[in-house]
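Protein chains: 2
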Amino acid sequence: MAFTFQINNDVVWNHDEKLLKKAITNTPKILKTLVKPIALGIVEKDDQYLNGYKVVPSSQSIEKLPEQTLGRDESLILDLGNHYVGTFNISIDSVGSPMDAPLYLKMKFAEVPAELPANAADYDGWLSRSWIQEEYVHIDVLPAVLELPRRYSCRYIELTVIDSSPKWKASFSNPEFLAESCVSMSQLPEFDITDEELKTIYDTSVKTLLDCMQEVFEDGPKRDRRLWIGDLRLQALANYYTFNDLSLVKRCLYLFGGMTTDEGKIPANVFTAPNLIPDDTFLFDYSLFFAAILSDFVEHTGDTGVLEDLYSVAKKQIDYAKNLVDSEGRLQLTEDYPVFIDWSNEFNKETAGQAVFIYSLKRFISLAEKMGEEELPEYRDLLDRMIAFSRQTLFDKAAGQFIVEENGEINTASQVWMVLAEVMTPEENKKIMQEMIRTQFPITGIATPYMYHHIVEALFVADLQEEAVQLMKDYWGKMISLGADTFWEAFKPEEQDFSPYGSPIVSSYCHAWSCTPAYLIPKYLS
Amino acid sequence: MAFTFQINNDVVWNHDEKLLKKAITNTPKILKTLVKPIALGIVEKDDQYLNGYKVVPSSQSIEKLPEQTLGRDESLILDLGNHYVGTFNISIDSVGSPMDAPLYLKMKFAEVPAELPANAADYDGWLSRSWIQEEYVHIDVLPAVLELPRRYSCRYIELTVIDSSPKWKASFSNPEFLAESCVSMSQLPEFDITDEELKTIYDTSVKTLLDCMQEVFEDGPKRDRRLWIGDLRLQALANYYTFNDLSLVKRCLYLFGGMTTDEGKIPANVFTAPNLIPDDTFLFDYSLFFAAILSDFVEHTGDTGVLEDLYSVAKKQIDYAKNLVDSEGRLQLTEDYPVFIDWSNEFNKETAGQAVFIYSLKRFISLAEKMGEEELPEYRDLLDRMIAFSRQTLFDKAAGQFIVEENGEINTASQVWMVLAEVMTPEENKKIMQEMIRTQFPITGIATPYMYHHIVEALFVADLQEEAVQLMKDYWGKMISLGADTFWEAFKPEEQDFSPYGSPIVSSYCHAWSCTPAYLIPKYLS
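Here the protein sequences come in this chain order: A and B. To convert, note that position 276 of the first sequence is 289 in the working numbering; the numbers rise steadily by one, no gaps. To convert, note that position 430 of the second sequence is 443 in the working numbering; the numbers rise steadily by one, no gaps.
Note that these hints are calculated values from the structure, not bench results. Please note that the accuracy of each hint is not assured.
All copies of an identical chain are treated as equivalent in the list; a pair is satisfied when it fits inside any one copy or across any two copies.
Unchecked claim - List of simulated lysine-lysine pairs, DSS-like, C-alpha gap at most 30 Å: (1) 182 to 278; (2) 119 to 278; (3) 77 to 34; (4) 42 to 410; (5) 119 to 182; (6) 383 to 212; (7) 486 to 383; (8) 443 to 182; (9) 383 to 505; (10) 335 to 505; (11) 182 to 486; (12) 410 to 67; (13) 491 to 42; (14) 58 to 505; (15) 375 to 67; (16) 42 to 58; (17) 335 to 67; (18) 278 to 375; (19) 278 to 505; (20) 375 to 182; (21) 77 to 444.
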């Protein structure tokens, strides 16, 4: 995530070994499942599908794969039948005269059909080219079993022989994909959904979540393959209603809690290889969400040990943010500590940021109560001030909408987060959301399932269940009709070919923050 | 070698396990020598060098390599200081913010500077693209030691970061090249050459030979990396005067002797991985050279055991070829058993082929005498007939040159091979070569050191030592002045940018058949 790279090389980090040891103790065992391709595929143009491409089964049977010998510039596509995350191996032999030159092979791993015709050489975006899932391999002696050492996230595997020689061709057999996740579909609770469309959305969400559950809750197994707080919050919620892997949530909480700056701030994301490393990126809302994630966990598990270990970390995030609130209860954001809310920078995020603080502060106060916090009155006073300011200054009674103080801007994120923060009464919230629907739907300019999730949840919170379901179907359902096996990092219904990076080959098509129907449906519809 | 691919899938092969066991027993131990790059290099245009490029030392010291951090599209060149064959490893770390994307690295291994600016994507020649020595590697976690599993033949190693990320760069340290050969320079006999130019030619020839001496006498360690009879004959001769590794010659003789067709023919080349495999390529002159190589070996070593083991194989080659000679002594070549002589197909090879048969038959007869061959009179009769036909029909007295019977064509190869076969008297040979120099020098249209070797040796045989030395200097000396560290597969002095494949990136610049000054100088000049 994040369009803007932060570089903060001068940050001093404290590593709390006691907390990090608990993170390490909770490292999950990765389960491996053998997946065999179900078909040979062919890419076809079709405007009904994402970026105008689909993969259809070839007339050649996958059983006859070894007969599909490939020479210079010839290729074939293996279709795994669904999206998986894992490693790949395949047996290769030469057919014809003796092998008088190395085999030079290109392999492309694609989550969606549109990645297959995309040419890596054409990609010149700001995101690293190293994310493009393709490999070039020379094999000097055949027969051989090619075992690729890296992990891929894909449904389709394209094998292209860059060259053999005029005297022989390459023959492939026994392709194996070893799918990896720390959870299994067998852990899912029984859950009946009668609405077929919602059922498909739920199933696809669960698959998305499973593929992102590895040694941490990853944001995307293709990219960035790491633990971000914003994704973690939503993954943990979906996880409680599905696989319920508490150990993994614990691990991730301890990873953030164990690595803080000398000012007490937690990083927006952490790396776990070659060792535990905090990123030098900081986001105002993500830091505050630490308290929300801890509160969700304690509420779900009643685990007071984790609360006792991590309460002070949550408190530090709140305390740091508290200093940005003036005596009137107005949050004043700073440039070096941006609020994320959504990828888009085309709307003003100040009011939404104020609401995220209120949302998180409420959850922090519930933890502070459990901990017998001495400063509880100050936190309650802060909350009251921020709510009062929001109601009095940020709510435009005539418009029935929250505004941005500076310029009177009315935007979706402001309404959604103020509703989620429950700043107004339930009746007022409902009216705010109804007015938002009237004036701002169909939504445009929002590209992330992350923000769409919050809109849907705000509709549920505002008792607009029908509208919430409709938006879920319009958004996640649309991804399915465009061919999604798992839900995507980015999607704009009004601009279906949109990619934040200008090319599908670096986009992530299995992205954690899109898995939330696995939480929304069981929580609000059962 | 060979411009034309032969495909003979229906050949039935006999494997003589007794002979092949002796080939395996004589497999050499590969010696490994650690080579450290001596400099960072920069490619510069310079018409005085091969294909117009040279590498000069960078202003940055190799000692400061780790400080030369590379980001997207940045590269550096390591200069090993000489040509080597072996494996490469290097330590890599990230510098800057935490590593938030894989490192995507391209490595190019170049024997000569001209390979560095050549773009692999532009190569569309008939020879396999798989020979281009470049690799693409993703590294997910740094620091790491990158150990490439393949063997390369190179002096220069270019490292290009295709991408890191905007937040960090790659830093390289401790590059190591582990040079491989089955022989060591310490095995060389003392040998003084006062002529500086010849000494450089000799030294470069010896280095060429050493780099080609691996588990077999390879034709070229970059390409084709295998044992060809035509190269073996010249390598064995050079080896007797230098490293004198008799075991490797024996191994190669047994490899050919142990794999023959059901007609008794030996292949033009063999593969040794994944197991011992004869190629389905057959060349008339190469098959006959088996007798010559065996004769050279027996003469050099007096090893009658090898003669007894392999005599019958040599005899079968002679017998097969004998059937192509008519009662007048005229060789009649067939299309399915072509004579190589040289890459060029622009001259008629029939007379040269006739001479190669005479040359080989003479050596076979010397072996047959040692073996007490019963059919010796028939072989002597065959030799007499072929010589008589050559002298009477193929020699044009007026021109003082050998001709091609069919069209009267006079070409260099005919004169050279008839002189090497000593069909005429020494005085006549001298006149033939002098007339050839007068009418055909400076030589044009010949692209291989293989054919140039035979011209030079024919000059020595014809007692034209000064002219032989001059040609050696003009040809091998010219390669050195163009920048050669080892001698090349192909070189046309009159067309210095010539590549048989249209691009330097698939040419072999350390090629066995060019190493023969290491034989010619000690044999004829000491």
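Can you name, in rising order, the numbers of the hints this structure does not satisfy? As far as the earlier hints go, 2, 3, 4, 6, 7, 8, 9, 10, 11, 12, 13, 15, 16, 17, 19, 20, 21 are violated by this structure, in ascending order.
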